[in-house]
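Novice: Each chain is listed here by its residues.
Protein chains: 4
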Amino acid sequence: MHNLYEVRIAWGDCDPAGIVFYPNYFAWFNAATDTLFARAGLSLEEAMARHGILGWPMVDAHASFRMSSRFGEILRIESHLHAFRHSSFEVHHRACKADGTLAVEARDIRVWAAGEAGRLRGQRVPDEVRELFVRGRDEGSKQA
Amino acid sequence: MHNLYEVRIAWGDCDPAGIVFYPNYFAWFNAATDTLFARAGLSLEEAMARHGILGWPMVDAHASFRMSSRFGEILRIESHLHAFRHSSFEVHHRACKADGTLAVEARDIRVWAAGEAGRLRGQRVPDEVRELFVRGRDEGSKQA
Amino acid sequence: MHNLYEVRIAWGDCDPAGIVFYPNYFAWFNAATDTLFARAGLSLEEAMARHGILGWPMVDAHASFRMSSRFGEILRIESHLHAFRHSSFEVHHRACKADGTLAVEARDIRVWAAGEAGRLRGQRVPDEVRELFVRGRDEGSKQA
Amino acid sequence: MHNLYEVRIAWGDCDPAGIVFYPNYFAWFNAATDTLFARAGLSLEEAMARHGILGWPMVDAHASFRMSSRFGEILRIESHLHAFRHSSFEVHHRACKADGTLAVEARDIRVWAAGEAGRLRGQRVPDEVRELFVRGRDEGSKQA
Numbered sequence: 001m002h003n004l005y006e007v008r009i010a011w012g013d014c015d016p017a018g019i020v021f022y023p024n025y026f027a028w029f030n031a032a033t034d035t036l037f038a039r040a041g042l043s044l045e046e047a048m049a050r051h052g053i054l055g056w057p058m059v060d061a062h063a064s065f066r067m068s069s070r071f072g073e074i075l076r077i078e079s080h081l082h083a084f085r086h087s088s089f090e091v092h093h094r095a096c097k098a099d100g101t102l103a104v105e106a107r108d109i110r111v112w113a114a115g116e117a118g119r120l121r122g123q124r125v126p127d128e129v130r131e132l133f134v135r136g137r138d139e140g141s142k143q144a
Numbered sequence: 001m002h003n004l005y006e007v008r009i010a011w012g013d014c015d016p017a018g019i020v021f022y023p024n025y026f027a028w029f030n031a032a033t034d035t036l037f038a039r040a041g042l043s044l045e046e047a048m049a050r051h052g053i054l055g056w057p058m059v060d061a062h063a064s065f066r067m068s069s070r071f072g073e074i075l076r077i078e079s080h081l082h083a084f085r086h087s088s089f090e091v092h093h094r095a096c097k098a099d100g101t102l103a104v105e106a107r108d109i110r111v112w113a114a115g116e117a118g119r120l121r122g123q124r125v126p127d128e129v130r131e132l133f134v135r136g137r138d139e140g141s142k143q144a
Numbered sequence: 001m002h003n004l005y006e007v008r009i010a011w012g013d014c015d016p017a018g019i020v021f022y023p024n025y026f027a028w029f030n031a032a033t034d035t036l037f038a039r040a041g042l043s044l045e046e047a048m049a050r051h052g053i054l055g056w057p058m059v060d061a062h063a064s065f066r067m068s069s070r071f072g073e074i075l076r077i078e079s080h081l082h083a084f085r086h087s088s089f090e091v092h093h094r095a096c097k098a099d100g101t102l103a104v105e106a107r108d109i110r111v112w113a114a115g116e117a118g119r120l121r122g123q124r125v126p127d128e129v130r131e132l133f134v135r136g137r138d139e140g141s142k143q144a
Numbered sequence: 001m002h003n004l005y006e007v008r009i010a011w012g013d014c015d016p017a018g019i020v021f022y023p024n025y026f027a028w029f030n031a032a033t034d035t036l037f038a039r040a041g042l043s044l045e046e047a048m049a050r051h052g053i054l055g056w057p058m059v060d061a062h063a064s065f066r067m068s069s070r071f072g073e074i075l076r077i078e079s080h081l082h083a084f085r086h087s088s089f090e091v092h093h094r095a096c097k098a099d100g101t102l103a104v105e106a107r108d109i110r111v112w113a114a115g116e117a118g119r120l121r122g123q124r125v126p127d128e129v130r131e132l133f134v135r136g137r138d139e140g141s142k143q144a
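Note that the protein sequences, when read in sequence, are chains A, B, C and D.
The first sequence runs 1 to 144 under the numbering used here.
The second sequence runs 1 to 144 under the numbering used here.
The third sequence runs 1 to 144 under the numbering used here.
The fourth sequence runs 1 to 144 under the numbering used here.
If you want a taste of the chain D side facing chain A, the calculated C-beta under 8 Å gives, among others:
no. : residue
1   : 12
2   : 14
3   : 16
Some residues of chain C that are not near chain D, with every Cβ distance over 10 Å (derived):
no. : residue
4   : 35
5   : 42
6   : 46
7   : 82
8   : 83
9   : 94
10  : 96
11  : 99
Calculated directly from the structure, the hints in this document are not laboratory data.
C-beta atoms are modelled at their ideal positions from N, C-alpha and C, and glycine is treated no differently.
So here's chain A without its partners, still in its complex pose (with noise of 0.2 Å):
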């Protein structure tokens, strides 16, 4: 299952040079993340009240940054989940341009997180949230 998350890019994304300000593109990736989830079946405040979790914080990001983006452009963030390990996930983005040019691609590894705020602790990520993504990726890509 491929999520598609559309940012259209705004002005105050951009900095001095014309040019997105690269933090901006790991506030979507969380954000294309948590729609990536809510498609799948499991929003993320769904998860808190049904899993018990606080959030599913990042332990681990990288991104590659191949194209600059300017004010006006749009991109569309491809995400799926890559894989599942014991009380942590992986998802993968892909961020191209409207001509389909790639500009970004980033993998997270985020981890199913319960405790309180500042305590935060990897819980085992539960078989029915697993199983959602076997049987999302069964369904075939979705547009957003």
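We have chain A already, so just place chains B, C and D on it with the hints.
Specialist: Quick look at chains B, C and D alone, frame taken from chain A:
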């Protein structure tokens, strides 16, 4: 030469789980990098005026988040220039809590870029820029 | 002419109290203003290229926050050009929840600014810009 | 009692016109308000723990932007508590450049809010909170 950049975590830097929303770390690492160069003797503005670059945009970013941080905490970001390549350079950052615990570790690759917005092109990093950090290294660590 | 700009509130838009960190509303009103002009027939980039301005920076902003909003909610921001003055213009915004409840109401005064960064100076708003909104007004409301 | 909060404008705080993207001023005024209370003897976290509030969310914000500011400039934000009302308070801010020129002037009304996220309700500001600022006023101005 190491640069120390201090951040007091603000309410608006944190998310509903009460911890720093991770894209903010990248914004701080960006400011820490600019400060590192300024301290070495070449602010970004001077580099733009003197060497005709448009900035030093990120091409590859990696961060490993070891401990979450909360509103009111102080982070000390220690940065140093790890290496220069032909038209890029690598900066390493360590963000530590007040008690010295490592919170986030990151590695940035940035390009020495000229051109115009949206059509940036790497240029060879001038020798006099490389030398700033050789000289700097001899002077030892400086406090922010 | 009204413009509708829709925002899906992301996790990173919210603070530790679980509600939108209010400076984000201003970023959305800014994007809504740019979209309003683009829909009227003059994107900010076109205005910069054609009329030699550097932007339409804010000179006076007022916002009244009626209800807080949370992660996952959708806000519809309705914006219209209230008035042109000599070298400035006033835009009004109403951000409403999915059920139509008013969440935030705002009023912006922006200047039609030329010059260079740091030395911006207001210029008379050209007639052809004023006319875009007269024409637009006849066309009635459009959906985002 | 006045509080001084200093900001060094970062590259990522600025937009393609090379000046501060104005929503960032509101984020700084928010941090300045939290610092003002902390200096008076009650950090936001202490207020939450001691008085059971969820925060002091903004209900009405006004800002007047007199001069734009650029990357590398330092702004000194002077804030003071202008007035307490039944369940709200008003804070005034003046952001000045290094040479003392006024750049931005702002006025915030915030509510002393309890409840839960999304259902915040104003509560009477406790007398001991009001007294912090009466006492503070006698102590005179303090430097950040």
